[in-house]
Amino acid sequence: MTTRIEPLSVPIMALVGAVVVVLLPYWKQILLAIAVAIAIVLAFTLKNFILFQLTLALIYALAILGLNLLTGYNGQFSLGHSAFLAVGAYTAAIMMEHGGIDYYWTLPAAGVVCFVFGFLFGLPALRLEGIYLALATFALAIAMPQILKSTPLEYWTGGVQGIVLLKPEAPFGLKLSSDQWLWIFTVAVALVMYVCAYQLIKSRTGRAMIAIRDNSIAAKSMGINLSLYKALTFGVSAFYTGVAGALGAIVIAFVAPDSFTLVLAIGLFVGMVVGGAASIVGTLVGGLFLLFVPNIAETFSKGLSGAFYGIILILTIYAMPSGAAGLVRLTLLRLMTRLAAR
Amino acid sequence: MKTSSVRLLATLAFGLALAASPAVAQKKYDPGATDTEIKIGNINPYSGPASAYGTIGKTIGAYFKKVNAEGGINGRKINYITYDDGYSPPKAVEQARKLVESDEVLLIFQSLGTPSNTAIHRYMNQKKVPQLFVATGATVWGDPKNFPWTMGWQPNYQSEGRVLAKYVLDKKPNGKIGILYQNDDYSKDYMKGFKDGLAGKVQIVAELPYEVTDPTIDSQIVNLKASGADIFFNVTTPKFAAQAIRKAAEIGWKPMHLLNSVSASVGSVLKPAGFEASQGILTTSYIKDQTDPQWKNDPAMKEWIAFMDKYYPDGDKTSSFTVYGYTVAQTLVQVLKQAGDDLTRANVMKQAANLKNFEPGLLLPGIRINTSPTDFFPIKQMQMAQFKGESFELFGPIISGEISSGM
Amino acid sequence: MELFLHQVLAGLATGGIYACMALAVVMIYQAIDSLNFAQGEMAMFSTFIAWQLLQWGLPYWAAFFLTIGISFVAGVVIERVVFKPVQNESVLSHVVIFIALFAIINSAAGFIWDFTIKSFPSPFGTRELFGQRLISAHDAGMIGITILMLVLLYLFFRYTRVGLAMRAAAANPESARLAGIRVGWMVALGWGMAAAVGAIAGMLIAPVVFLEPNMMLSILLYGFAGAVVGGLTSPLGAVIGGFSMGVIENLAGTFIPYVGRELKLTIALTLIVAVLTVKPSGLFGRTVETRV
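Residue numbers (the numbering used here), protein chains in the order written: chain A, 18 to 359; chain B, 1279 to 1685; chain C, 139 to 430.
These are computed hints drawn from the structure, not numbers from a lab. Be aware that one or more of the hints could be misleading.
No more than 27 Å apart at the CA atoms, straight line, and that leaves these computed lysine-lysine pairs for DSS-like [unchecked claim]:
no., chain 1, residue 1, chain 2, residue 2
1, A, K184, B, K1574
2, B, K1588, C, K417
3, B, K1580, A, K192
4, B, K1588, A, K64
5, C, K417, B, K1595
6, B, K1574, B, K1588
7, B, K1549, C, K256
8, B, K1574, C, K256
9, B, K1666, A, K319
10, A, K319, B, K1532
11, B, K1588, A, K319
12, B, K1355, A, K192
13, B, K1405, A, K64
14, B, K1532, C, K222
15, A, K319, B, K1376
16, C, K256, B, K1580
17, B, K1595, A, K184
18, B, K1343, A, K319
19, B, K1305, B, K1549
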């Protein structure tokens, strides 16, 4: 591309090139290390309140990741993931409140409970497609708050009052505020789960999931057990969202039926589309969108905050119809073709 | 209990007095207060299904505009910061923390809804920031021993339930009661007070819930009629109250009808439901209803109308929330006036717990606001009223609620 | 037994509301092959327009038909302005656009007309019908209009050129285009008609549930449920589905002990999912063949 090169820049460029070549196979690890470093730096530079917001955004991102595994990668619509978030959150809250169990043990438990719940819900849902499945899950989202406050469960769930929890402090006598600790804790959990999701998608199972989305009949004729994979995907998706729910319960230190309404279910869906369907990193954008865009809309007008939210949403979809991830992919693609054309 | 609270407040005040330097001994500030302004935070649902309540937050803002235009409080302007939580507890936590930690308000005023306030209850008390005059009538907000930084405002739902129960015991001890209630925290409080008041002496033959998401409550009314109830305790929010009144009339059910004060608005419930169907409805009341013709020439009401015209012209003059917001804002202004130049959070709470016979003009005649370090229920009095013609006729004595702190 | 009868009749009356909405849902499904989540809000906004016209002193029927006209035009405009730019994008982004429209319309209605409930007049009166107290004149009128709309829509889609063209455009846009049908405008027309049917539904529902910005929130859900259980491709199925939703919900709430009264919606929804797992395209819907 460039014709004139400064003499001195040659060795530097060679050096940089060498480093890049050596490190290239490890780019994922390096990216992860950078992400961890940024998270730790943020923990000590940001105000507690902002950290709390970021923690929430990350939790939402994790929930959206769960949804994305189901909808983005497996092609099964869900407008009801707030229900899994609720089940996860209540599992954690009930364990902490009634069982006196430490908060970190509630995460795997919430995940497993949600996995089973999701798997079981996924079985009848197998026969439903597209819009019908969307409505069935939507129904689940509507029913969930009612179930949570129903009389038979009231002893466990605290009924309409919900359950107030204690916010955990940093362990091992670490000199961290509770917000700093929970941020680091959430980042650690999220990191593990994001890496697992990545591995899952790249695996044989992941390819089967995607094949089902793209062409279920072809996938079936290739010997993929459709019902098993679809129900399993439902379970895994619920697992992710359930863990996010448990994290949310711990960080907010309160669960109530009003926390898991339709608005949240729709918010998760919007977050997924805005971040980009079938994108793992895009879910982070989705989480940030879910948390911060209502706050932005609110600054325009109190009475019309809903309208401004809607307008921002429409403009976002116009600007990037396949989400943030889609936009990045498209930009990269254009860049590459342009470079190749030279 | 009494002495310990006083001592706690005294110790706090003393500690703060020591910390302050002698040069500013006259004026004492916590975050959110300066020589020129007082920052007040608020959380309301401006979006989402509960956005009707947002009117309260806007009315309060308009009232503070009026206060500022008239010179502020002891020379300080109110800087009112209000955020939307969409009636979602997690969002309420986020907004409360934003107000306290980022905007650094002196206090949070009139945060709305039981779930949202429950979510921030512990946080506010840990941070020792006043959570003042919360917009919910649950009984838990008057607990100075365990939560000295939180105070309610309106008569709590349990006392109201008891007053109505007492009326039933007096007038119709042999009746059969049917209850329709919204399946959430507020109506459970009402029913607890009501049942405590009945003490099992009157039979309850049906208790039917509905969800806010139910399109109609026709089916419940049909069942209530079929249950043979001749007393109807109607624990519903305005839209459903209006539906219930109309449906009961439509199917020819004429019980003794007790309506919770939440929905006892002439303009936004009884008129849409139809005056004919509304005759004889009983309720308790503590605040003047601007849509009731009997207050048309009331001086305080005229003042309110002038306020609405000037500072909140696009506000809804038939909504009871505007009268409510106006009156509760007046109460806060009274507290801040009393606090004088000592605008510490401790002193704000101390003054809030030291309201003596304060009478905002829009409360019913004879109803006064009183608080003390052991009494965190500002409005305890109410009066019964019956709907006749086109307005509520007050009757009987002013009754004091019986729920006190620690219950 | 008397209670049973009363509950069935009350269920039919409420079911009439759902059936009305379900019909509007099926309408738009015919036109765009998707569900419009903002449809309830559009109907609510139309009803507010009618209310405003009545406030300004128009007679009822003038306001009624004027509102239908305005709604039709508004439906077409929304399709052309908001929806067309993303027409070729994925269903996911369509749903997000619907959600955005929902938020905008709901918020705007609250801003313009406030949240205090308003009574909306009924053209049939709210008196009891023929002296009995089981079903009111308005309920009966609403059921009648729903059935009338059903018949008209059936005739329209079955026998008119435009109706047939719309069905073709929705079912197979490519072939329809080759046959000379302007698919884009057919979609817009579908939106307009759906908005008009929604407006009628709104004006019939409002006298029962009172007019306020959130009045359609749950009714739309019941409408969806009714439409789905009856079959999204069948207007008749949608109407039957809507009525059965109303009846089933009432009976579940009345006769299932312990959990019934609290979880009547949940029970009704479970039933729907059960129906769908047995008949995935609804009771009256066409089964769609999938090909590789």
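Status of each hint after checking the structure:
1. Between A:K184 and B:K1574, the direct Cα distance comes to roughly 52 Å. Violation of the 27 Å bound is thereby established for this hinted pair.
2. For the given pair, B:K1588 sits about 61 Å from C:K417 by alpha-carbon distance, which is inconsistent with the 27 Å threshold.
3. Proposed proximity of B:K1580 and A:K192 is contradicted: the alpha carbons are some 59 Å apart, above 27 Å.
4. Pair hint B:K1588 plus A:K64 does not hold up; C-alpha atoms about 40 Å apart against a cutoff of 27 Å.
5. Between C:K417 and B:K1595, the direct Cα distance comes to roughly 52 Å. Violation of the 27 Å bound is thereby established for this hinted pair.
6. Annotation: proposed proximity of B:K1574 to B:K1588 holds, straight-line Cα distance about 19 Å (limit 27 Å).
7. Between the alpha carbons of B:K1549 and C:K256 the distance comes to roughly 9 Å, so the proposed pair stays at or under 27 Å and holds.
8. Taking the CA atoms of B:K1574 and C:K256, the gap is about 22 Å. The hint holds against a cut of 27 Å.
9. For the proposed pair B:K1666 and A:K319, the alpha carbon gap of about 38 Å is over 27 Å, so the pair is violated.
10. Simply put, A:K319 and B:K1532 have alpha-carbon atoms about 43 Å apart, too far for the 27 Å limit, and the pair is violated.
11. Restraint check for B:K1588 and A:K319: satisfied, since their Cα atoms lie roughly 19 Å apart, inside the 27 Å limit.
12. For the hint pairing B:K1355 with A:K192, the CA-to-CA distance comes to about 40 Å; that exceeds 27 Å, so the pair is violated.
13. Pair hint B:K1405 plus A:K64 holds up; C-alpha atoms about 16 Å apart against a cutoff of 27 Å.
14. As the CA atoms of B:K1532 and C:K222 are separated by approximately 55 Å, the hinted pair breaks the 27 Å bound.
15. Taken as a hint, the A:K319 and B:K1376 pair is honoured in the structure, with Cα atoms around 17 Å apart against an allowance of 27 Å.
16. A threshold of 27 Å between alpha carbons decides the hint, and for C:K256 with B:K1580 the separation of about 25 Å falls inside it, so the pair holds.
17. The hinted pair formed by B:K1595 and A:K184 fails the criterion: a straight-line CA distance of about 43 Å is larger than 27 Å.
18. A hinted pair counts as satisfied when its Cα atoms are at most 27 Å apart, and B:K1343 with A:K319 qualifies at roughly 16 Å.
19. Annotation: proposed proximity of B:K1305 to B:K1549 is violated, straight-line Cα distance about 51 Å (limit 27 Å).
Checked against the numbered hints given earlier, this structure breaks hints 1, 2, 3, 4, 5, 9, 10, 12, 14, 17, 19; the rest are met.
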